[in-house]
Amino acid sequence: MIPACRLVDLPRGEAFRLDIDPPVSVFHTDDGELFAIDDTCTHQDASLADGWLEGCEVECPLHASKFDLRTGAVDAPPAKLPVRTHEVLVEDGMIYVQVSTDAPNLPPCVASRLAGGPA
Amino acid sequence: MVGASLAGLSAARSLRKQGFDGRLVIIGDEIHRPYDRPPLSKEFLAGGIGEADLALEMDGEDLGAEWLLGTRAAGLDRTERAVRLVGGGEDGREIRADGFVIATGAAARQLPGSDGLAGVHVLRTLDDARALRDELAQGGRLVVIGGGFIGAEVASTAHALGLDVTVVEAAPTPLAGPLGEDMGRIVSALHVDHGVRLLCGVGVKGLSGESRVDAVLLEDGRTVPADIVVVGVGARPCVEWLEGSGVVLDNGVKCGADGRTSLAGVVAVGDCASWYDPRAGIHRRVEHWTGAQERPAAAVATLLAGGAVEPGVPRPPYFWSDQYGVKIQFAGHAAGADSVTVEEGAPDDRNVLAVYRRAGHPVAVLGMNQPRLFTRWRKQLAAMTS
Ligand SMILES: Cc1cc2nc3c(=O)[nH]c(=O)nc-3n(C[C@H](O)[C@H](O)[C@H](O)COP(=O)(O)OP(=O)(O)OC[C@H]3O[C@@H](n4cnc5c(N)ncnc54)[C@H](O)[C@@H]3O)c2cc1C
Ligand code: FES
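Quick mapping for you: the protein sequence lines, in order, are chains D and G.
Counting along the first sequence from 1, when you hit position 105 you're at 105 in our numbering, and nothing is skipped either side.
Counting along the second sequence from 1, when you hit position 294 you're at 1294 in our numbering, and nothing is skipped either side.
Take the hints with a grain of salt, since some may be wrong.
What follows is a set of in silico ranges between Cβ atoms, one per label pair, in the way DEER data are often shown [stated by the list, open to error]: (1) D/Ala103 x G/Thr1341: 43 to 51 angstroms; (2) G/Val1192 x D/Arg70: 42 to 50 angstroms; (3) D/Asp92 x G/Pro1278: 47 to 55 angstroms; (4) G/Asp1021 x D/Asp92: 50 to 58 angstroms; (5) G/Pro1172 x D/Cys56: 30 to 38 angstroms; (6) G/Gly1140 x D/Asp75: 49 to 57 angstroms; (7) G/Asp1098 x D/Met94: 56 to 64 angstroms; (8) G/Ala1160 x D/Cys56: 32 to 40 angstroms.
It is worth saying that the hints were derived from the structure and are not from the lab.
Since the structure is predicted, the reported quantities are computational estimates derived from the model, not experimental observations.
Where a beta carbon is used, it is the ideal one built from N, C-alpha and C, also for glycine.
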């Protein structure tokens, strides 16, 4: 479990990015639900925490693919792969994330950078 | 469905999503399955991604459609309610249908007199991009005619590949149309920042060369030597095939605020369509990826309901561009703004969030490397205008 931020510091409609590698973001929906998904879009190097949150979906800030916060599924290209979802827990007003052990679907440019290749 | 690219594919998806389970025929001039065009001037041209990465269909996606690729629609017969085909072994065949979606997009404008001269390129299709990529790999001097988005992106990509690049723009300030004078100047300064020559306010008289281009001749008498020339002077809607069909054309297919055309049972979407913009009270042909992606849902709803639905107000148009590693994003309409203010960042750092206002009300927003703030403003703009 990784502590993210305090619940009071994450208003509805906002996202908090955890700077782990690869980064994970926690979203607080307008309905008051909390979800955590990989922060990096599977298409290119964009931060989904910067995206457009609407209901249980976040639209990538760059090219408008939408990801379902509940399942990680993507609705339409240019992104074609889902993001991972992570478990969220609130304890004593603190938000915690249990990072998934699945392999992330990082975009090619980011994956090669993490592998030590050319950015 | 005529046109098998982004707008056509989005319309086909919307049809199935909205419950249409009848026969669906998709007619496309190009032999390729639907592919993504924006990377053609960016990552694909740079060699960073391959053709498989351009596919717009998801793995295993099946829309239950008949695809007639490499086949062109040559005419629409309103009384027979049929499309006439040419090419792809379908010559002369007619396809009758209850409803039609026109999604034939746009084609790159050519420079008059450049026919048949080797080394001269336009960039619209995958085939164009393959040819240009192969030539850029040879290196040399590139002259880009036109300082619009596609021209600027080609210049940026070619510069990164190590070519010697010059951009020639007829207007005094590149991008002044879409971005306004002030921001057009700031964004186009990216060329100069990176050592790419930018010649503005001068037209092109012609090209020189025997079988292969060797220079671009400017109207002021200058000659710019060139091994490769890219003509990026805009695109024209592919609607000639509709002439005489009864579909009213005016800078593309003239449409209502939901894509309906002058003929019942015919809607138009994407770059070929000039939708009525209820906010501005005029028709506009929007040539952006997100428009071609989002608007077909509304057009298809209209088609399926026989025109009986109230059109919603589409989100303000949005586009992006990547140049010299800077992410440029723009939403709204710059024309009509009476002020532009920098809300965040500094123009000199090419890191800016600028808001365009008319009588104090935001009408457009520009971001350079500001995705987070940009999205907030874009959301606000949509909320204000819906
Ligand atoms: C190099 C490049 C870079 C771009 N970059 C960006 C960007 O960064 N951001 C952005 O927002 N937008 C960008 N765009 C614009 C974006 O790609 C277009 O808005 C989008 O492709 C429009 O989709 P469309 O389906 O309406 O038309 P198109 O993609 O033009 O597709 C129309 C299809 O119809 C076919 N067709 C034409 N006539 C017929 C006929 N008579 N019969 C059958 N088929 C026919 C054509 O062959 C074509 O395949 C870029 C475009 C290009 C070319
Ligand atoms: S980076 Fe997210 S859709 Fe392109």
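Hints, verified against the model:
1. D/Ala103 x G/Thr1341: 43 to 51 angstroms: Roughly 45 angstroms apart at Cβ, these two residues keep to the hinted range, so it holds.
2. G/Val1192 x D/Arg70: 42 to 50 angstroms: holds (48 angstroms)
3. D/Asp92 x G/Pro1278: 47 to 55 angstroms: Since the Cβ atoms of D/Asp92 and G/Pro1278 sit about 51 angstroms apart, the hinted range of 47 to 55 angstroms holds.
4. G/Asp1021 x D/Asp92: 50 to 58 angstroms: holds (52 angstroms)
5. G/Pro1172 x D/Cys56: 30 to 38 angstroms: For D/Cys56 against G/Pro1172, whose Cβ atoms are near 48 angstroms apart, the range 30 to 38 angstroms is violated.
6. G/Gly1140 x D/Asp75: 49 to 57 angstroms: At 43 angstroms between Cβs, range violated.
7. G/Asp1098 x D/Met94: 56 to 64 angstroms: Given a distance of about 58 angstroms, which is inside 56 to 64 angstroms, the answer is holds.
8. G/Ala1160 x D/Cys56: 32 to 40 angstroms: Roughly 39 angstroms apart at Cβ, these two residues keep to the hinted range, so it holds.
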